[in-house]
Structure formats: C-alpha cells, structure tokens
Amino acid sequence: MTALVPGTNDYGRIAHLLAISLFLLVLPRYAVRADSGPQVQLDVSKAGPRAVESMTERGVFRDYRFAWTSLTEALESNSLAPLDGPFVGTAKGWLTQAVRKQRQNGLSSRYLSQNHKVEAVFYAPEGDVMELHDTAEYQLQLLDGSKVIHDENEVMHYVVLMTPAADRWVVRQLQAVQRF
Amino acid sequence: MACPAVPCLAQVAGLRPPASVAAGTETSISTTGSGKATFYLAGPSTSTKREVSLGEDVPLPPADVQSAGRYVAVICSQTCQSAAFYVTAAKPSTLSFLVHPSRVPVGQSDAVSGVALPFDRFRNLVVDPVTIDFHWTAGPAPLMSRPMRTRDGVAWFRASSGKSAGALEVAASLNDLSAHRVVRQVASDPCHLRIKGQRTAKGLVVETEPVHDCTGNPVPDGTIVTFTATEAKGKSTVDAPIKQGIARAQIAASGPTVISVASGIVMGNELRVEAQR
Numbered sequence: 021m022t023a024l025v026p027g028t029n030d031y032g033r034i035a036h037l038l039a040i041s042l043f044l045l046v047l048p049r050y051a052v053r054a055d056s057g058p059q060v061q062l063d064v065s066k067a068g069p070r071a072v073e074s075m076t077e078r079g080v081f082r083d084y085r086f087a088w089t090s091l092t093e094a095l096e097s098n099s100l101a102p103l104d105g106p107f108v109g110t111a112k113g114w115l116t117q118a119v120r121k122q123r124q125n126g127l128s129s130r131y132l133s134q135n136h137k138v139e140a141v142f143y144a145p146e147g148d149v150m151e152l153h154d155t156a157e158y159q160l161q162l163l164d165g166s167k168v169i170h171d172e173n174e175v176m177h178y179v180v181l182m183t184p185a186a187d188r189w190v191v192r193q194l195q196a197v198q199r200f
Numbered sequence: 024m025a026c027p028a029v030p031c032l033a034q035v036a037g038l039r040p041p042a043s044v045a046a047g048t049e050t051s052i053s054t055t056g057s058g059k060a061t062f063y064l065a066g067p068s069t070s071t072k073r074e075v076s077l078g079e080d081v082p083l084p085p086a087d088v089q090s091a092g093r094y095v096a097v098i099c100s101q102t103c104q105s106a107a108f109y110v111t112a113a114k115p116s117t118l119s120f121l122v123h124p125s126r127v128p129v130g131q132s133d134a135v136s137g138v139a140l141p142f143d144r145f146r147n148l149v150v151d152p153v154t155i156d157f158h159w160t161a162g163p164a165p166l167m168s169r170p171m172r173t174r175d176g177v178a179w180f181r182a183s184s185g186k187s188a189g190a191l192e193v194a195a196s197l198n199d200l201s202a203h204r205v206v207r208q209v210a211s212d213p214c215h216l217r218i219k220g221q222r223t224a225k226g227l228v229v230e231t232e233p234v235h236d237c238t239g240n241p242v243p244d245g246t247i248v249t250f251t252a253t254e255a256k257g258k259s260t261v262d263a264p265i266k267q268g269i270a271r272a273q274i275a276a277s278g279p280t281v282i283s284v285a286s287g288i289v290m291g292n293e294l295r296v297e298a299q300r
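Heads up: the protein sequence lines correspond to chains A and B, in order.
Quick note: the first sequence uses our numbering, first residue 21, plus one each step.
Quick note: the second sequence uses our numbering, first residue 24, plus one each step.
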C-alpha cells in the first residue's frame, strides 16, 4: 500500500521545491528591474485603422526598445555599427550624420535613465507602416572629450514611423516635436 | 537641470535661441557678454563646435538646421550655458504614397487602401495638418475624389474596387504635389458557368461558353475550371485552365454520363450525354 501522508523527508523536499519555485518566480522581475537599458511601455489600444495583434505588439516593443539601446550606444561610443539593423531610411541617415559629426569634433552624448511611454496612434490598413508617439524622459549629457558641457533631465515627444522588415520592425523616422 | 561638472543653466539670459525655426532656414542665436567662447550645437543629425565672440549673434547656416527636432545650443567660456529650441518641418515637397493591393478583383468592398505621408525636402515628416486629395480614375473617366486631412502626418483611405476590369489609377495630391499608383482590377469569380459537349471517337469533349464574372468581365486565362463526369462505373475529374475565355476538356466515358462544372465556389449547369452507339 502506498503511503499518502508525507514523511519528514518529503516535507523537506516540498519546502526545498517551494523555495526554488519562489526564487524562479522572483528572478525575472528582478532581472527587469536591474536592467539599465531603456524602459519602454507600449500601448496599442488606440491604434487604427488596423488592430495590432499581440505578436506584432511584442515585435514592435522589442524592436523599438532595441533601437533606443542601439542609438544610445552609437551616440555614446561614436560608433556606426549599432545603427545597422534597427534603423533605416531617414532615421539612419540622421543618426549616421550625428555620429560622424560628433566624432569629427571630439564630442559625444549620453542618454541615461530612459523611460519611454509609447502609444501606437496609426497602423496602416495593410500593416506596412505604424506611427508611434513616444513621450520619453531621460537625462541627456553632452560631452566635449570627457568634460560634461550640458546635463539635463528632459521630457521629449517623438513621432516615430516603424515599418516591418524581413524579420523585425525597423525605425524609419524618429522626429522630436514640441507637443503631440 | 543637474550640472555636476560645470555650472550651467537651461534658458539663460545670455543665450537666446529662436523660438522656432523652419527646417533649412538660416537663423541665429544671440549671446551676451564679451570675450571668446566655444559654441556647441547638438541636433538630430548634427553636432558642431566652433569658437565665437560673446555679445555677437551666432549664425546658424541652413545646413545646420535641416532636420526637424530639438536642438541644444551650449556656449562655454569659464562656465557653460545652454538653451534648447525646436526646428519644425518646412513646407511639404514630396508625398510618400502606399497603395495596396497591386491587383484586385472587381466588386470587392474595402479592397483597396492607401496611406499618404507628406515630407519636406529634407525628409522631415510634416506633422502639421494638411489636406490631401485622393482621386480615383479608370480609363479617361474620373471615378471619385475625396479630400482627407492628415492627422499626425498621415492621411489614409479604404475604398471598394470598381465594376470593370482594367487599370485603376489612384492619385494623392497636395497643392502642386502629386503621387500616382496603379491598381490592376481583374475579373472576379466566374458567374453563370455554362457548358456544352459532344461525343467523339475517344470519349467526350466538353467546353464552357466564354467565362465571365457577374459584371461581364472576362475571367483571366489560366483560371482553373473543373469538369466532373459521373457514369455508372464511377466518377472522374478533369481540371482545365481557361484559354482565350474558354475552358475545354476531353473525358473518356462511353456510357450515359452526367457532366458538371465548377470554378472556385461557383457551380455551372449539368450536361447529360447518352451512351455511345
């Protein structure tokens, strides 16, 4: 006959498993908090005329966040490589020029503590372009060599056009405006 | 504003940028004080550094302010001071116009859609509202026209396809700018499929009458028509493409046979053929 009442060792094992489960439950949340990259919240509830499906929402979220990670790295290290992939068209052209001019003049920029509240405001009927409004808060530092010449916490409004590429969404236009 | 390394102020009296500038327009930033200083300008596609004299205006050539967005001007002598200003898009000079699909069956509701985005000559999106006129033309005759106001730099439409096969030209225009796209309208599903047939030495030859859709457009060659022959010993099926408006098939059948025809979800008439004598 099989014992239905757990013995002392079984209680120990259960407690051990519970402890591991709790640790695993807590771990991802901690990892997100510890991440120093851009924080992004995306709301697609008002997008139209086409509804944004959940797979698309996840893709846009992932790729827009990655675009800001890449932009930050490019402008801080004056490297063009991070711009390959997440940016195309006008957005890539502008950022490439900015990096080249920074490098030429010995300047750099740091985008710190980024928090992006992003709203999808337009999704084309055939799904070939999406417009986002990003209310971004960050600390912008401009440096001449290692000397900080400007340091400011900013609230910015970006109009963003993203288009689908072969395996990701890419930023085609990233344009700051005074207000939406 | 936090300034850990050097003292700085956001909108200081000594550095007065323009309130707003249209992209590609020459402008200047006024400064106060005396002596030499280093002037920096950081914008969406620019990052410059140069020596200036305090108390004089710092000219910003059109090339420095071509990209719409926020610019930060910084001036450093013993301390640094900064001020920000916005560059807005200039007047529209191109229209990006996306139209889908490139080929559409006639008589489909909301089957054609288009999106138009106005840009200035520096590829800045013009976010201020403008009115874009959409026009639809089939052959020499204008079909429809619809003005749409852009919202957040975008105007779009959805429309039904027409009744006649042929080219549908869709145009978006804004003042003297226009962009044209062509949508090929093709016949829809076949309608009123009718067949006739006759016995030959090798069996039965069946063919359709010229195949049209419900509005009378000839169905394109290559569309598959399925003939099914049912006789006492069983059923056989032949797929035949339409060639020059007609689908034709040869069926090996010797006894009394019933031939039916279908294309897609459309069924045609039945043909009863007597046994071979």
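Hints are computed from structural coordinates only; laboratory data are not their basis.
There's no promise every hint is true.
[To be verified] In silico SDA-like links for lysine to any residue, alpha-carbon gap of 20 Å or less: (1) A:Lys167 <-> B:Lys59; (2) A:Lys66 <-> A:Ser56; (3) B:Lys225 <-> B:Gly245; (4) A:Lys112 <-> B:Ser119; (5) B:Lys72 <-> A:Gly165; (6) A:Lys167 <-> B:Glu293; (7) B:Lys266 <-> B:Gly245; (8) A:Lys167 <-> B:Thr102; (9) A:Lys167 <-> B:Lys266; (10) A:Lys66 <-> A:Gln124; (11) A:Lys112 <-> B:Ala86; (12) A:Lys137 <-> A:Asp187; (13) A:Lys121 <-> B:Val75; (14) B:Lys256 <-> B:Val289; (15) A:Lys137 <-> A:Ala101; (16) A:Lys121 <-> B:Ala86; (17) B:Lys266 <-> B:Gly287; (18) A:Lys112 <-> A:Gly68; (19) B:Lys219 <-> B:Gly278; (20) B:Lys266 <-> B:Val281; (21) B:Lys72 <-> A:Ser90; (22) A:Lys137 <-> A:Glu174; (23) A:Lys66 <-> B:Gly278; (24) B:Lys114 <-> A:Gln198; (25) B:Lys186 <-> B:Ser132; (26) A:Lys112 <-> B:Asp143; (27) A:Lys137 <-> B:Thr102; (28) B:Lys219 <-> B:Ile269; (29) A:Lys167 <-> B:Glu74; (30) A:Lys121 <-> B:Cys99; (31) B:Lys114 <-> B:Lys186; (32) B:Lys225 <-> B:Arg295; (33) A:Lys121 <-> B:Gly58; (34) B:Lys72 <-> A:Gln124; (35) B:Lys114 <-> A:Ala196; (36) A:Lys121 <-> B:Asp87; (37) A:Lys66 <-> A:Arg78; (38) B:Lys186 <-> B:Arg172.
query = Does the alpha-carbon distance linking A:Lys66 and B:Gly278 stay inside the 20 Å limit?
reply = 66 Å, violated
message = Next pair to validate is B:Lys72 with A:Ser90; report whether the Cα-Cα distance is within 20 Å.
response = Outside the cut-off at roughly 24 Å; violated.
Given hint A:Ala196 paired with B:Lys114 - CA-CA distance at most 20 Å = Within the cut-off at roughly 17 Å; holds.
ask   = Under the criterion that the straight-line Cα-Cα distance not exceed 20 Å, is the pair A:Lys112, B:Ala86 satisfied?
value = Measuring from Cα to Cα gives roughly 18 Å; hence the hint holds.
request  = Could you grab the alpha-carbon distance between A:Lys167 and B:Lys266 and see if it respects the 20 Å cut-off?
outcome  = Given pair A:Lys167, B:Lys266 is violated - Cα atoms ~77 Å apart, limit 20 Å.
Satisfaction of hint between B:Arg295 and B:Lys225, Cα-Cα up to 20 Å = Roughly 17 Å between the alpha carbons, so the hint for B:Lys225 and B:Arg295 holds.
ask   = Is A:Lys137 close enough to B:Thr102, meaning Cα to Cα at most 20 Å?
value = The hint is violated at about 34 Å.
request  = Measure nothing beyond the straight line between the CA atoms of B:Lys219 and B:Ile269; if it is 20 Å or shorter, mark the hint as holding.
outcome  = 11 Å, holds
request  = Starting from A:Lys137, check that the Cα of A:Ala101 is at most 20 Å away, please.
outcome  = 26 Å, violated
key: Given pair status - A:Asp187, A:Lys137, alpha carbons within 20 Å   = 24 Å, violated
task = Would you mind confirming whether the straight-line C-alpha gap from A:Lys112 to A:Gly68 stays at or under 20 Å?
result = 26 Å, violated
request  = For the pair supplied as a hint, B:Lys114 and B:Lys186, confirm whether the alpha-carbon distance does not exceed 20 Å.
outcome  = 38 Å, violated
Consistency note: the structure conflicts with the earlier hints numbered 2, 3, 6, 9, 10, 12, 14, 15, 18, 20, 21, 23, 27, 31, 33 and 38.
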